[in-house]
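Visitor: Since the structure of chain A is already known, use the hints to place chain B on it.
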Amino acid sequence: MNKKSFGSRLIAAPYLVWSALFIVIPLLIMFYFALTDQNGVFTLSNLSAIGQYKKAFLISILYAVIATAITLLLAYPMAYCMTKSGISTQRMLFMIVMIPMWMNFLIRTYSWITILANTGLINTFLTKIGLKPLRLINTPGAVILGMVYDFIPYMILPIYSVMSKLDKSLLEAAEDLGSDSFTKFKKVILPLTRPGIISGITMVFVPSVSTFYISQKLGGNKTMLIGDAIEFLFNSGPAYYNIASALSLLLMIMILICLFVMNHFSDEDGGVLM
Amino acid sequence: MKILSRLYIALIILFLYAPVAVMILFSFNSSVSVWRFSGFSTRWYSGLAYNTTMLNALEHTLVIALLSALLSTVLGTAAAVGIEAIRKKITKKLVMSVTQVPMMNADIVTGISLMLLFIFIGKLIGLDESLGFFTVLIAHITFNLPYVILSVIPKLRQTDAHLAEAALDLGCTPLKAFFKVILPSISTGIVTGLIMAFTLSLDDFVISYFTCGHYQTLPIIIYNMTKKSVKPDTYALSTLIFITVFVLLILYNVLQTKSEKKRAAAVFKART
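Order-wise, the sequence lines are chains A and B.
Going by the numbering used here, 200 is the number at position 199 of the first sequence; the sequence numbering is gapless.
Going by the numbering used here, 163 is the number at position 161 of the second sequence; the sequence numbering is gapless.
So that you can see chain A by itself, here it is in the shape it has in the complex:
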């Protein structure tokens, strides 16, 4: 018996080596770069230089929070409406939501320029019906729209999969016990779909806060997000690797804190359910 379990534990060995080499060590190297200068001498100057990027950090967090909130507000009713459809329609809708994820997001983001540009589809339409064209592209709104658009499937799908497994008899019980539809939603549907919401929020927030493509294309280089700063510094040559590593480190720590808080919420939820 012992021999057997030893043998089966052993087949994880290649993976353990792999994860040490390509998950743990790279992060340690990043840590090392963040705390040294170009010659490998210990310094805290990279970390103190982060102050210059305070604005980028704050804007990134602000945009990502707004985008995540909008995504949730759009996705939750969508997931709900999906569960109200017939089984075969549900499967079809699931695929329809999923397909855009399989297309290159760079191209999908880029096509928004054609829609939003000053002479783009929306503004051409507006001038045709005699309205003034709007300034849509290169605005914070366009960047947030891009985030919502690119990541909304990651919000719809987890919420939908939790919601579709919801025990219908619980809803009936709530109705029998005299709940109106708002109470039913607040007391039954919302708490039970919380795991889906939590994983949706993390799956939208993390890529939003660290993006560097969406802001470049739809924000017109005017809004520098933290991802833009990191990408720019890394492309500026090895001399900037240290400061860029410090920024990446901070971004990672920030994301870890967010995930930790999120996990705490979902644990609490599990505890309540028990």
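Treat the hints as calculated values from the structure; they're not laboratory data.
Hints may contain errors.
[What the hints assert, rightly or not] Here are the simulated lysine to any residue pairs, SDA-like style, with alpha carbons at most 20 Å apart: (1) Lys91(B) x Ile12(A); (2) Lys95(B) x Trp19(A); (3) Lys133(A) x Ile123(A); (4) Lys95(B) x Leu22(A); (5) Lys185(A) x Lys4(B); (6) Lys91(B) x Ser9(A); (7) Lys91(B) x Leu11(A); (8) Lys233(B) x Thr120(A).
[Stated by the list, open to error] To spell it out: a stretch of chain A is covered by chain B in this simulated footprint if at least three of its residues, at any positions, have a beta carbon under 8 Å from a beta carbon of chain B; those stretches are: (9) 87–95; (10) 208–214.
[Claimed, not checked] Some, not all, of what chain B presents toward chain A, calculated at C-beta under 10 Å: (11) Arg8; (12) Ala80; (13) Pro176; (14) Ser240.
Backbone N, C-alpha and C define an ideal beta-carbon position, used for all residues, glycine too.
Guide: Below, chain B without anything else, positioned relative to chain A:
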């Protein structure tokens, strides 16, 4: 209520597919613009056959996606079996936490940390160009692994451990017991992991961007093009990819529905 819900679904689908529709429309543009539609033409599609940069990048993307999906599936399935056999709770928790890092972390951080490692190793062994095919392959396997492991582990937990023991008692070698008993019962998890790994790899831009060097994949080429100006040929290629994915998924869906109907019919027959 029903009308309202249908309307809402339609609006979200419109939102999801408006840029896709724009892309398809402009892939048929007769002029070079992706702004102004001047007439219908398929010249961008026929031009694709001669666009070696794009075809090469497509080939790179497919090679990396296939190899990384296969390798991460083998490595990840073995890892899942091994991790499940770990008895010490703390060790198991530690391994699982490390496993989830590439999934939870921002892509840009994963990409950069790997790039730093590759450059570091490249310097150690004296390479001029440390980034290329192998580094992008390693990077893709690394970010695919957690998805494979996390889709196999639940299936392993559902598998009755006594079955494998029974096989051993009946004279199977551990290896044979694995292939005859455990593998068939976790196969759906493995397939899910494989498909997920393949699609993730196909679509990845950020991590490839930092680790690929001159071995450029399609998303990298597209990124470089959007830096200058996009021509309808990029849209044409994306449209072709879109149609391929669309047809494959519809086919998959139809086949699944058919097999379910067959199963239902079989159950019905068995009852009567």
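Visitor: Does each hint hold? Answer for all of them.
Guide: Hint-by-hint comparison with the structure:
1. Lys91(B) x Ile12(A): holds (18 Å)
2. Lys95(B) x Trp19(A): Holds: Lys95(B) and Trp19(A) sit about 17 Å apart, inside 20 Å.
3. Lys133(A) x Ile123(A): Holds, because 11 Å separates the two Cα atoms, which is no more than 20 Å.
4. Lys95(B) x Leu22(A): holds (19 Å)
5. Lys185(A) x Lys4(B): It holds: about 19 Å lies between the C-alpha atoms, which stays within 20 Å.
6. Lys91(B) x Ser9(A): holds (16 Å)
7. Lys91(B) x Leu11(A): holds (17 Å)
8. Lys233(B) x Thr120(A): Holds, because 17 Å separates the two Cα atoms, which is no more than 20 Å.
9. 87–95: holds (count 4)
10. 208–214: Our answer is that it holds, as 5 residues pass the Cβ test (under 8 Å) against chain B, meeting three.
11. Arg8: holds (8 Å)
12. Ala80: holds (4 Å)
13. Pro176: Pro176(B) check passes; min Cβ-Cβ to chain A is 6 Å, inside 10 Å.
14. Ser240: holds (5 Å)
Of the numbered hints listed earlier, not one is contradicted by the structure.
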